[in-house]
Each structure stands twice: as structure tokens, then as C-alpha cells.
Amino acid sequence: MFENVPISTICGVAVIVSPVCLMGVLGLSSLLGRPLPERSITRFVQSAIVTGLVAAVGVLVLMLVQGTRHVPIELGNWVVIDHFHFSVKLVFDRLSVPFVILTFLLCGTVSAFADKYMHREPGFNRFFVLLAMFVLGMIVASLAGTIETLFAGWELVGVSSALLVAFFQERPAPPRNGLRVWSVYRISDAALLVAAVVMHHLSGEGDFDKLMGLTGSGNSWPFCQASLPQHEALIVGLLLLVAAAGKSALIPFSGWLPRAMEGPTPSSAVFYGALSVHLGAYLLLRVSPILELSPWLWVAVMVLGLATALFAALATRVQTDIKSALSYASLTQVGIIVAEIGLASSWQPLHVLRYLALAHLIGHACLRTLQFLRAPTLLHDYHTLENAIGGHLPHSASGVQSWVPEPVRNWAYRFAFERGYLDVWLSDYIARPFLLVFQWCDGLERKWTDFLSRGQSRESDRLSPSATMDDLS
Amino acid sequence: MTQLHFPWLELTVFIPLVGALSVSRMRDSETAQKWCLAFCGLTLACAIGAWQDFYWLNAFQAHDRWDIIEWLTGRDLLVLDQLSAPLLPLSALLYLLTTLATLRSKVRRFSFTSMLASLAIVLATLSCREPWGVIALLSVGTVPLYLELKDRGKPTRVYVLHMALFVVMLVAGRTMVEIEGAQRVHSLWAVLPLVIAVLIRSGIAPLHCWMTDLFEHATFGRALLFVTPMLGAYAAVRLVLPIAPDHVLRGMGLLSLATALYAAGMALVQREARRFFCYIFLSHSALVLVGLDSASPIGLTGALCVWLSVGLSLAGFGLTLRALEARHGRLSLAAYHGVYEHTPALAICFLLTGMASVGFPGTFGFLGTELLVDGVVQAYPFTGAAVVLAAALNGIAVLKAYFLLFTGTRHVSTVPLGISLRERVAVLTLAALILGGGLYPQPGVASRHQAAAELLKEREAGKDHSMANAVATAVK
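Note that the protein sequences, when read in sequence, are chains A and B.
Everything in the first sequence is counted per numbering that gives the first Met the number 0, starting at 0 for the first residue and increasing by one.
Everything in the second sequence is counted per numbering that gives the first Met the number 0, starting at 0 for the first residue and increasing by one.
Some hints here could point you the wrong way.
Calculated lysine-lysine pairs in the BS3-like style (CA-CA distance at most 30 Å, straight line) [stated by the list, open to error]:
# : chain 1 : residue 1 : chain 2 : residue 2
1 : B       : K33       : B       : K105
2 : B       : K153      : A       : K446
3 : B       : K105      : B       : K153
4 : A       : K446      : B       : K149
5 : B       : K153      : B       : K33
6 : B       : K33       : B       : K149
For the record, the hints were derived by calculation from the structure and aren't laboratory data.
Put together the whole structure using the sequences plus the hints.
Written out as C-alpha cells, the structure reads:
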């Protein structure tokens with residue numbers, strides 16, 4: 000049956016099928032109200048991740064042996080009608096293969112860690128269902144050969160992130176923060192979808208190979224040439240930059256990152272230390288040939304990256320809990336990676352710097368996962384040390400602090416402590432006025448229906464906002 | 000015209016009518032529910048039969064064999080075509096699942112007679128292509144709900160005023176169209192009343208307040224069944240799309256686009272679950288109308304796909320909310336309720352159906368939304384992005400409601416609140432259809448594309464006809 004199918008295709012399909020099966024098994028059992036026992040869940044997760052990892056490494060080895068740099072796998076059209084087709088295409092190249100291997104490695108490590116960390120938690124099954132959804136989303140987004148497929152993976156990553164932030168759901172803070180994360184992600188999703196539609200209308204294609212001029216050219220990422228006019232490239236590029244900024248918590252969306260630390264440590268590690276937070280940078284790397292088409296665009300990418308790095312470096316110094324400090328440290332590196340991508344797009348001889356950005360991304364993700372997973376026990380070790388020496392561990396101020404004037408230092412401290420006022424700014428100047436307008440409209444509608452019904456028209460007004468469920472019934 | 004192999008359409012209409020008569024004589028509510036289930040099940044079987052028979056015939060349109068109505072009236076009143084073929088089983092399924100998921104505690108308040116009568120009217124409407132037939136059935140369809148509101152002593156003024164205007168506009172519009180004669184693309188003044196009627200029935204702002212009022216006062220189940228078959232969109236396709244000038248469709252589309260955005264924003268500030276649901280529904284039904292009014296093959300296909308996906312997903316979403324209401328009474332969205340621990344299955348279904356409605360990957364809505372966005376951006380290059388924004392806001396509203404209802408605190412209950420077997424069957428059926436349609440979308444999308452092509456052909460034929468008339472007049 001598979002005689003004429005190249006082995007790289009079989010391996011490539013296995014890379015995507017393993018997380019699909021994992022999601023299917025865990026999701027279906029939860030939907031039917033029959034969650035699997037802990038041991039079965041971890042076995043399924045580990046088998047799927049190991050299968051995917053082995054298959055991905057297999058693809059890499061075959062690519063190295065055969066000397067191919069670009070292996071597209073067409074899985075056919077999901078939907079075809081006259082002028083529209085939604086093709087499912089996976090692309091294995093120098094960008095996607097390392098990222099997929101990284102995804103499987105880190106998710107495998109984190110799932111092994113979570114097996115013990117989450118043992119006997121009431122939400123054990125829920126955690127692994129969401130982790131499976133995340134793995135699927137990451138693999139789909141990483142291997143996507145079309146922007147529509149990338150969008151599908153992007154959304155899966157978004158919803159699993161938001162639900163994991165709200166994992167400890169008996170308190171109001173986690174769901175509140177989960178909603179904040181989700182709101183930013185939806186803005187990012189909207190920007191990506193509009194970019195996809197604009198790309199479709201400009202070039203008639205959502206296929207990255209065709210957009211980046213790879214078809215029939217013999218080139219492969221990162222040495223390819225997009226063929227959009229400069230003005231259109233600027234529009235598409237800016238939309239993609241907004242999408243990446245939302246996903247990677249770049250300025251002005253950085254406020255959600257410390258909020259996301261409400262989730263369990265394993266998910267914080269893999270989402271905000273390692274993979275999810277780098278997905279925006281990955282998107283920029285994937286579309287980097289578009290960035291080089293407009294100087295405004297690569298300058299914007301570079302400035303945004305550097306500004307985020309500076310801001311996060313400042314903010315991380317004053318955080319009072321280890322996960323928030325690590326999240327801002329992570330953001331500092333993400334900002335630098337984004338700046339590297341912008342720089343690499345500025346001049347053709349610098350295109351090779353895209354490899355630097357990719358290597359930086361992979362190295363940083365591994366280091367940060369280790370730090371996040373170590374964080375709870377590190378605190379324990381510090382406490383032991385402090386108990387042993389009978390006082391706080393010595394902490395010396397950095398050299399920079401001594402030559403910065405005190406007013407500037409105070410201002411910087413306040414700025415960093417308030418996390419750049421970004422959250423406040425988004426709440427006060429975007430979200431609140433938006434909601435106030437609709438509340439005002441709601442009031443108008445009430446008056447109108449009261450007028451039409453010649454009396455109080457809303458039964459729901461009798462519900463007390465603070466009523467408990469039993470009161471309401 | 001091609002004939003079906005069996006009088007499926009007449010059966011889908013007469014079975015619920017007979018059911019309504021039989022159930023009205025039953026005093027025991029639980030017995031009435033069982034019989035109602037049986038009649039709804041039979042109706043669904045006939046509707047599926049009609050759909051499959053039509054599919055095998057591979058015809059543009061078909062009518063019943065041994066058509067009694069045609070024999071009595073001399074007109075082909077019940078006809079199945081590409082558009083309505085899947086809408087019949089969809090509507091019958093929604094009625095069946097709503098009956099199935101009605102808990103014992105609510106059975107006495109729920110009028111099964113009225114529900115079966117409504118089912119017959121809805122199915123007759125969806126099987127009718129004759130403009131006056133559609134108008135008559137749409138008008139009659141507003142009566143059972145009015146009677147139910149009246150019976151329960153609820154305020155009816157808002158509903159009556161809007162529905163009266165709806166009926167008047169339908170009749171006035173069609174009369175003016177007939178006065179204008181054979182031309183197929185009519186003047187603004189002839190089409191405007193019909194457009195207003197469609198806007199009212201679809202709940203397009205500022206004519207939408209009857210819908211929020213309905214969700215306030217009617218039982219959740221009845222309100223859900225009145226809105227989810229989206230007869231407003233059906234009226235648009237049958238009465239407006241074939242004859243309206245391009246600029247009228249464009250204006251209607253822009254108004255619907257604004258409503259989609261407005262309703263999505265309103266869903267975010269609601270403090271009660273039913274009103275929240277109503278605005279989410281309004282936003283989606285407006286999106287369907289946007290696609291229909293784009294009058295492009297892709298936009299129309301997207302709209303017809305979203306019509307099906309929203310019908311399924313929001314019905315499931317509504318049934319989940321209704322199941323929660325049955326346990327806790329009216330649900331405030333001003334505080335956290337934290338009921339996940341007691342009803343995890345309902346939480347999963349709430350999330351699945353809610354996300355499906357906003358076009359989440361892996362669900363049928365995903366491709367429908369993609370097509371819709373593509374088509375609408377083609378028709379309205381600058382404002383079309385509002386569809387994406389509306390979908391984004393709806394997604395935020397759905398997750399916000401999820402967090403408020405299922406998380407945020409620990410709910411203590413002395414009685415078991417888990418999902419019942421019937422409810423589980425209902426929501427799992429919908430979930431299976433949503434996921435099945437999402438993972439294997441080609442047949443569904445292709446059939447909607449075919450329906451869209453037929454509708455556009457009909458519209459183009461109308462345009463050519465009117466142009467020929469104009470040329471002939473000029474020559475004379």
C-alpha cells in the first residue's frame with residue numbers, strides 16, 4: 000500500500016498523526032464523561048510524544064542524508080469548491096524541523112514532570128487534555144505550509160493557553176487572568192486572519208511556498224524572495240507583526256505575561272518560558288522574506304523587539320515572585336530574538352542571521368524551561384540555605400545602579416514595578432471606554448423596551464449580581 | 000419537476016400536526032413528552048428521508064410523489080431544493096433534541112402541543128418556495144409563541160408590535176412587487192418593505208429588541224426553537240435575494256455587518272445568561288445575512304455553511320445553558336458560579352459548542368467562517384474586516400461566560416447536579432455533528448456551494464430577464 004510513498008512522507012505524516020491521535024483519545028474520553036486513569040493518560044501522552052519525536056528526527060536524518068532542505072508534504076485538499084481550496088500541506092525545512100523537535104522534546108519533558116507534579120490533582124485529566132491540544136496546535140502551526148493551516152494551529156495554542164492559565168479554577172483570579180490572556184490572543188488571531196485574507200486577495204495564495212517564491216526555484220528557507228509589492232507587503236507585514244506581538248507578549252501586549260503565571264508550573268514552563276511565547280517570533284521567521292520587502296517593516300520589527308527587550312529587562316529586576324521574574328526575563332530574550340529577525344531582514348548579506356535568531360530561540364526555550372521547572376524547588380533550597388545561615392542571603396546591587404541618579408532610579412523602579420503601565424493603559428483607554436459605550440447602549444435598549452412594553456421589561460433585572468446560585472433558583 | 004420517491008415533505012408537515020392534536024388531549028405532562036418525542040423522531044426520520052432521496056435524485060428541485068396538496072390547491076406548495084434539503088432535518092433535529100433535553104422539573108411549563116405545531120409550520124416554511132406561501136407561513140409561525148406568552152401571563156407588547164410590523168411589511172412588500180409586474184429586479188420602494196421585514200425577523204439593529212425581550216419572557220426552549228432555524232435568513236433568500244437591486248443588498252449587508260459587531264459588543268456587557276445568549280445569536284445571524292447579501296459565490300457559500308454550523312452549535316450552546324438554568328434558575332453573569340466540579344460534561348459541551356459557533360478549528364464553523372470572511376472582504380474590501388472583529392469579540396464573550404458560570408469559586412450543593420442521560424445524548428449528538436462536519440467538511444461545503452450557485456443563477460436570470468424587458472420597452 001505504501002510502496003511508492005517516500006519514507007520521509009510516512010515519517011512526516013506520523014509527526015502530525017501522533018498528536019492528533021493523542022488529542023482524539025483524551026478529548027473523546029473527556030467528552031463522553033469517562034476520563035482515563037492517570038497511568039493510562041501519561042502512557043498515551045508519552046507514547047504519542049515519543050512517536051512524534053522519533054518521526055521528526057527521522058525526517059531530519061533523511062533530509063541530511065538526501066541533502067534536501069525543503070520537504071513539502073501535500074495531504075490533499077480539505078475542501079475544494081470552484082475558486083477556493085483549503086489545502087493541508089506540511090513543510091519540513093530548516094525552520095520547522097528544529098522547532099518541531101524542540102516542541103516534542105520540551106512537551107515530553109514537561110509531561111514527565113507533570114506526571115509527578117500533578118499527581119492526584121482533581122484536574123489531572125483536564126491538564127493533559129489541554130497539553131495535548133497545545134502540542135497539536137504547536138505542531139500544526141510549526142509545520143503549516145499555508146497560512147490557513149497556521150491559523151488553525153495558532154487558535155488551538157491560544158485556547159489551550161487561556162484555559163491552562165485558569166487551571167486552578169476555584170479562585171476568581173485565575174479565570175480573570177485567563178480571560179485577559181484570551182482577549183489579547185483574540186486580537187492577535189484577528190490580525191492573523193485578516194493578514195491571511197489580505198494575502199489571499201493580493202496574491203491569490205495562502206501557500207507559503209508560493210508567497211515566498213520557493214516553488215520551482217530550488218531555494219529554501221531562509222534564502223527566498225517574496226514577490227509582493229512594497230506597499231502591500233507593509234500592510235500584510237504590519238498585520239503579522241500585530242499577530243506576533245499578541246502571541247509573544249511584545250509591547251504593548253506584555254501585560255498578560257505575568258498574569259499567565261497563575262497556571263500550574265509545568266504549563267507556565269512550556270507555554271510562557273519555552274514555546275507559546277516564541278510562536279510570534281516563529282511566525283516572523285516564517286514570513287521573514289516579506290519583512291525584507293519594506294524598510295518600514297523591518298525597522299518596526301527591530302524597534303518593537305528592542306523596546307520590548309529593554310522594558311522587560313527593567314521589569315524583571317523588580318518582580319517579587321520568581322515566576323513573574325522569569326517570565327519577564329523570558330520576554331527580554333524574545334524581544335532580542337525579534338530584533339535579530341528585524342536586523343536579518345534589513346540587508347541581504349545579513350539574511351544568514353535568521354539562523355542566529357532560530358538558534359537563540361531554541362537555546363533560550365531549553366534554558367527557560369529548566370529554570371521554570373526548577374523554580375519551586377529552588378525556593379525550597381533558598382529557604383533551607385537561609386535557615387542554615389540564620390538570615391537572608393547576601394544581595395549586592397549591580398554596578399549600573401550606583402551611577403544612575405536617584406530620581407531616575409526611583410522613576411525606573413516605579414515604571415518597572417507597574418509593569419510599564421501597559422496593563423493600566425490598555426484597561427483604561429481601550430477596554431473600559433469600549434465597555435462603557437456598550438453599557439450605554441444597553442441602557443438605551445432598556446429604555447426603549449420599557450417604553451414599548453409600558454413598564455419594566457426586563458425580568459433579569461431582578462437577579463441580584465451578588466446572589467448565590469441557590470438564591471437565584 | 001422531479002418527484003421524490005415518497006411523500007416525504009407532506010409527512011414532515013403532517014406528522015407534527017397530528018402530534019400536536021394528539022398531545023393536546025393528554026393531561027399528564029410526562030406522557031405528553033414521550034409522545035412528543037415519538038412524533039419529533041418520526042418527523043426527523045421523514046426529513047432525513049427527504050434529504051437523502053433528494054440527494055440521490057441529484058436534481059435542482061423536487062416535490063412529493065402523490066402530492067395531495069398539489070391535487071387540492073393545484074399548486075406546488077411543498078418543494079425541496081438545494082437550499083432547504085439539509086435545513087429540514089436540521090430543524091427537526093433541534094426540536095427533537097430540545098424535547099429530549101427537557102428535564103422533568105420543566106416538563107409542566109413546556110407546551111409540547113405548541114412546540115409540535117411550530118415544528119410543522121417551520122418545516123412547511125422551509126419546504127415552500129412560493130412567495131405568498133412563505134409569507135403566510137412566516138406570519139402564522141409567529142402565533143404559537145404569542146399564545147404561549149399570553150398563557151403564561153407574560154408581557155407580549157414588544158413581541159406583538161414587532162411581529163405585526165413584520166407581517167405588514169411582508170404583505171405590503173410583496174403586494175408592491177406584484178404591482179410592479181414581471182420585472183425581476185425591482186425598485187427600491189417595492190423591495191424596501193420586504194427588506195425591513197427580513198431585518199426585523201433576523202434581529203438586525205435597531206429592529207432587534209423583540210428578540211432580547213423574547214428571551215426575557217418566553218421559556219428558554221421555545222425562544223431557542225423560534226430563533227435557531229433562522230427563518231429571517233430564509234425569508235431573505237426567498238423573498239429579497241432574487242429581486243433586490245445590488246445597492247439594496249449592499250446596504251442590507253452593511254447594516255448586518257454593523258449589527259454583528261454591535262451584538263458581539265453587547266454580549267460582552269450582559270449580566271444575565273439568556274440575554275448574553277441572545278446577543279451571541281444575533282451577532283451570528285447577522286453574519287449569515289452579511290454573507291447572503293454579499294451575493295458572491297464564496298460569500299454565499301460561507302453564509303450557508305455558517306447557517307448550518309451556527310444552527311447546530313448555538314442550539315447546543317443554548318441547550319447547555321438551558322440545562323444549567325434547569326438546575327440553578329436564571330443565571331446571573333455578574334458573579335462567578337463555579338459549577339464545573341458538579342457538571343464537567345456540561346462545561347465541556349458549553350465550551351465546545353461556544354467555540355464551534357465562533358469558528359474554532361476542527362469544527363464545521365471553521366471553514367464556514369473562513370469562506371464567509373473571504374467572500375465578505377471581496378464584497379466590502381474595507382469594512383469586511385469587521386466580520387473578523389465580530390468573531391473575535393464573540394470568542395471573548397463565550398470564554399467570559401464559561402469562566403463566570405463554571406469557574407471562579409467552589410459551588411457547594413447538597414443535591415447531585417450532574418448531567419442526565421437524555422441531556423448527554425442531546426449534547427453529544429450535536430457535538431458529534433459539529434466535530435464530524437469539521438473534520439470531514441467537503442460534502443457539507445460542496446452541497447452549500449451548489450445551493451449558493453443555484454441561488455446566484457436564479458438572481459442572474461432575474462437580472463437578464465429585467466434587462467431584456469427594459470431593452471424591449473426601449474425598442475418599442
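Index of numbered hints that the structure contradicts, given in increasing order: No numbers; nothing is violated.
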